[in-house]
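Trainee: Quick note, the sequences are listed as chains A and B, same order.
Each residue of the first sequence is one higher than the one before, starting from 1 at the first, in the numbering used here.
Each residue of the second sequence is one higher than the one before, starting from 243 at the first, in the numbering used here.
What the hints contain is simulated information worked out from the structure, not anything from laboratory work.
Hints are not guaranteed to be accurate.
What the hints assert, rightly or not - Computed cross-link-like contacts, DSBU-like style, restricted to lysine-lysine with a CA-CA straight-line distance of at most 30 Å:
#, chain 1, residue 1, chain 2, residue 2
1, A, Lys187, A, Lys233
2, B, Lys313, B, Lys411
3, B, Lys290, B, Lys313
4, A, Lys156, A, Lys146
5, A, Lys48, B, Lys290
6, A, Lys48, B, Lys248
7, A, Lys24, A, Lys48
8, A, Lys156, A, Lys219
9, B, Lys264, A, Lys146
10, A, Lys146, B, Lys266
11, A, Lys187, A, Lys201
12, A, Lys146, B, Lys461
13, B, Lys290, A, Lys71
14, B, Lys313, A, Lys24
15, A, Lys9, A, Lys22
16, A, Lys48, B, Lys313
17, A, Lys71, A, Lys6
18, A, Lys156, A, Lys201
19, B, Lys266, A, Lys71
20, B, Lys388, A, Lys22
21, A, Lys24, A, Lys6
22, A, Lys71, B, Lys411
23, A, Lys24, B, Lys388
24, A, Lys71, B, Lys388
Unchecked claim - If you want the footprint, here are the derived chain B segments under chain A, 3+ residues with CB under 8 Å:
#, segment
25, 292–300
26, 305–313
27, 341–351
C-beta atoms are modelled at their ideal positions from N, C-alpha and C, and glycine is treated no differently.
Protein chains: 2
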Amino acid sequence: MLEVFKLQKEFDDILADRYNVKFKNEALLDEAFTQASYVNEHPDQDLKFYERLEFLGDAVYQLVVSNYIFKRYPDMPQGRLSRLRAAMVNRHSFSRFARECHFDKYIRLGRGEEKVGARNRDSLLCDIFESFIGAVYLDQGIETVKHFCNLVIFPKLDEGWFDEFFDHKTELQEAIQINGPVNIDYKVLDEDGPDNDRQFKVAVYVDNQELGVGEGHAKKNAEQAAAKVALNKLGIKDQKLQ
Amino acid sequence: MLEVFKLQKEFDDILADRYNVKFKNEALLDEAFTQASYVNEHPDQDLKFYERLEFLGDAVYQLVVSNYIFKRYPDMPQGRLSRLRAAMVNRHSFSRFARECHFDKYIRLGRGEEKVGARNRDSLLCDIFESFIGAVYLDQGIETVKHFCNLVIFPKLDEGWFDEFFDHKTELQEAIQINGPVNIDYKVLDEDGPDNDRQFKVAVYVDNQELGVGEGHAKKNAEQAAAKVALNKLGIKDQKLQ
Numbered sequence: 001m002l003e004v005f006k007l008q009k010e011f012d013d014i015l016a017d018r019y020n021v022k023f024k025n026e027a028l029l030d031e032a033f034t035q036a037s038y039v040n041e042h043p044d045q046d047l048k049f050y051e052r053l054e055f056l057g058d059a060v061y062q063l064v065v066s067n068y069i070f071k072r073y074p075d076m077p078q079g080r081l082s083r084l085r086a087a088m089v090n091r092h093s094f095s096r097f098a099r100e101c102h103f104d105k106y107i108r109l110g111r112g113e114e115k116v117g118a119r120n121r122d123s124l125l126c127d128i129f130e131s132f133i134g135a136v137y138l139d140q141g142i143e144t145v146k147h148f149c150n151l152v153i154f155p156k157l158d159e160g161w162f163d164e165f166f167d168h169k170t171e172l173q174e175a176i177q178i179n180g181p182v183n184i185d186y187k188v189l190d191e192d193g194p195d196n197d198r199q200f201k202v203a204v205y206v207d208n209q210e211l212g213v214g215e216g217h218a219k220k221n222a223e224q225a226a227a228k229v230a231l232n233k234l235g236i237k238d239q240k241l242q
Numbered sequence: 243m244l245e246v247f248k249l250q251k252e253f254d255d256i257l258a259d260r261y262n263v264k265f266k267n268e269a270l271l272d273e274a275f276t277q278a279s280y281v282n283e284h285p286d287q288d289l290k291f292y293e294r295l296e297f298l299g300d301a302v303y304q305l306v307v308s309n310y311i312f313k314r315y316p317d318m319p320q321g322r323l324s325r326l327r328a329a330m331v332n333r334h335s336f337s338r339f340a341r342e343c344h345f346d347k348y349i350r351l352g353r354g355e356e357k358v359g360a361r362n363r364d365s366l367l368c369d370i371f372e373s374f375i376g377a378v379y380l381d382q383g384i385e386t387v388k389h390f391c392n393l394v395i396f397p398k399l400d401e402g403w404f405d406e407f408f409d410h411k412t413e414l415q416e417a418i419q420i421n422g423p424v425n426i427d428y429k430v431l432d433e434d435g436p437d438n439d440r441q442f443k444v445a446v447y448v449d450n451q452e453l454g455v456g457e458g459h460a461k462k463n464a465e466q467a468a469a470k471v472a473l474n475k476l477g478i479k480d481q482k483l484q
């Protein structure tokens, strides 16, 4: 039990020092980090597990992200806003955030789940990320969630974290065809290497003019890379964001 | 032009009198009710169309609904919360809300769109409902959106508006199987009427005990009705909400 308290103190300190988040109601924080398996193993403790907070946190996070990108990119049309939001609300990125914040260390799991390595499972870390957001919202209000996202999430926009979820080919098509139809072609320039380490080089042509060359281990990755280069060349520097 | 001002005044009065919503920045309200087709027909007026506000309003509405049902049903598990939210965030219900609030009358459409009857199209009314929410949020803050939803949306929960989007069969299954597997069967008791007005009568059996009978013009509707009766009989009165 002492171990549990030590861990909790350590986590409280991390949240306070790094993110300036101080819970008034510690029970909410406990709930956010407790899996049903742990509750089942401690029937005497009247514990709650994280799932309802995850439900709420999902909607809170969606709004905080939507509001942020709406205001940061005042001229971005709806379609792009939606795709950018989808990239930022991608559950894969949640697990990365959860790991970055060391949430994995503080989850309360049942013994069975612990044994099968649930603590490092992406899906659990996603859930915990959302339940944490839900708990912060209930305890502190949406401004503290915004503050947390300003520290942890939004800087990632500039670091290209969300690029991998982004479809540069669609971006390029939309950016170029805004004033009417244009021909966009992708051609494989080169294909090299052994079967298990194949490398593709692809060029993108806009009305027969080469605008970018990209490389990748699959044709579609090379095409995406070429589209990204073309977007940069067209002056759409923050290519998904202007 | 005089006509436009009269209409705007009328709409302002409706919003103020019925919903206590008074816009500080009227331009946001205009944006929320203006379709791209209208903007294209008035290139000299520097207008904005509703789509970005719709993007934002979607997330605002999701959070307001999530927060409301989270607090109203403190014991409802996540799965049910999610399905209830999905029912309330169903775009079909948006168009009903928009009509109830007479939003259709105040949309600014291009002439072509007007001719093809876009004003009464569900999809447009959905969009406008969300863009209105987005505009209220930006102009007044989330508390005013909550107030609007308290007046217009949440009472509908008690009036059964969302029932048609709700899956009573799944509800019944979850309510019954919470303590282990149970056999649930649906049997057609009767089938009557001409082909274009067929009526089905279906009973639901839980471990061979009849728990409810329902009727409908399709087998699946009769099953849903039977499941709803069974949920009531089981004491799950507010069947989707306990």
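Trainee: Hint by hint, work out which the structure violates, then give me just those numbers in ascending order.
Mentor: Per hint list: 3, 5, 6, 12, 17, 22 and 27 violated.
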